[in-house]
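Let the hints inform the model, and build the full structure from the sequences given.
Chains as they are written, first to last, in my numbering: chain A, 1 to 119; chain B, 1 to 131.
If you're looking for bench data, these hints aren't it; they were derived computationally from the structure.
Heads up, the beta-carbon is just placed ideally off N, CA and C, and yes, glycines get one too.
Watch out, some of these pointers could steer you wrong.
Under 8 Å between C-beta atoms, here's a sample of chain B residues computed to sit facing chain A [as the list claims (entries may be wrong)]:
#	residue
1	Glu5
2	Asn9
3	Thr10
4	Lys15
5	Tyr26
6	Val29
7	Glu33
8	Glu36
9	Ser41
10	Ala43
11	Met125
12	Val127
13	Leu129
14	Gly131
Facing chain B, from chain A, some residues (calculated, C-beta under 8 Å) [claimed, not checked]:
#	residue
15	Phe12
16	Asn13
17	Pro53
18	Leu101
19	Leu104
20	Ile105
21	Glu106
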Amino acid sequence: MRFGILVNEGPFNHQASDSAYKFTEAVLRKGHEVYRVFFYYDGVNNANKLSEPPSDDRHIVKRWSELAKAHNLDLVVCVAAALRRGMKDELLAEGFRISGLGQLIEAGIQSDRLVMFGD
Amino acid sequence: MPEIEGVENTGGVIKKFLYLNSKAPYGTVYALEVLEMILISAAFEQDVHVAFVDDGVYQIKRGHDTKGIEMKSFLPTYRALEGYDIEKLYVEKESMEERGLRAEDFIVPVTVTNRLAMSHLIASMDVVLGG
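In structure tokens, the structure reads:
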């Protein structure tokens, strides 16, 4: 099955990003396809390469980058939501790209299931 | 409308999209950013439905005055949706009545739908997005 993933909350405040990551990882492990992971609302903050959690905590941003690298995932940050929150190209961690909301709609059309994490 | 990346890549597929608004219009950014999703999906020529439940019903109540909170009222945008062929708007009856509202209180024509019918509507969709 082909999945689209939508992440609507930032890292740490809410578990949504962790759940999205775990779900994406499980989907890939089961041999399914992930068409795209789209970051909206405060979810855009998951792409901030300046994030530096304590070393005994999970590194949410780096974890997404590594998963993207291993599985050639398309991690897309919404441009309108990103600009509002000061998230720009120069802050993007590896594997993320900034593009329009159309990429979310397209993922909804192309995927068998679009799964949303966060409010 | 500006060119939108991905819009040519739908292969003529038309899916049923539902935007489920459940949050009050101000206080959080959800209502505004759902509205941005709705506007973009119009460019993809999808079968767009918009529903209002819980405090989301306040999003289309007449008379938002946002001067005091220095936020832009998005009522004019809702009024303009008709121009994008987005006319399938639903308000959940129970949410409306619990808040003392009537169908005449909304700035756009809506279909008032009871909670059970709303659950059927949600179940009949291909993609449900919201906030």
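So, going through the hints one by one against the coordinates:
1. Glu5: holds, 5 Å
2. Asn9: holds, 6 Å
3. Thr10: OK, holds: Thr10/B within 8 Å of chain A, min 5 Å.
4. Lys15: Check passed: Cβ of Lys15/B comes within 6 Å of chain A, closer than 8 Å.
5. Tyr26: With Cβ-Cβ at 15 Å, over 8 Å, it is violated.
6. Val29: OK, holds: Val29/B within 8 Å of chain A, min 7 Å.
7. Glu33: Holds, because the Cβ-Cβ distance from Glu33/B to chain A comes to roughly 6 Å (cut-off 8 Å).
8. Glu36: Since chain A brings a Cβ to about 6 Å from Glu36/B, closer than 8 Å, the hint holds.
9. Ser41: holds, 5 Å
10. Ala43: Holds. Min distance 7 Å.
11. Met125: This hint is violated: Met125/B lies away from chain A, its Cβ roughly 10 Å from the closest one there, beyond 8 Å.
12. Val127: Hint holds; Val127/B Cβ to chain A Cβ min 4 Å, cut 8 Å.
13. Leu129: Hint holds; Leu129/B Cβ to chain A Cβ min 7 Å, cut 8 Å.
14. Gly131: holds, 6 Å
15. Phe12: With Cβ-Cβ at 18 Å, over 8 Å, it is violated.
16. Asn13: violated, 13 Å
17. Pro53: violated, 25 Å
18. Leu101: holds, 4 Å
19. Leu104: Where the cut-off is 8 Å and the nearest Cβ of chain B is about 7 Å from Leu104/A, the hint holds.
20. Ile105: holds, 5 Å
21. Glu106: Holds. Min distance 4 Å.
Of the numbered hints stated above, those contradicted by the structure are hints 5, 11, 15, 16 and 17, listed in ascending order.
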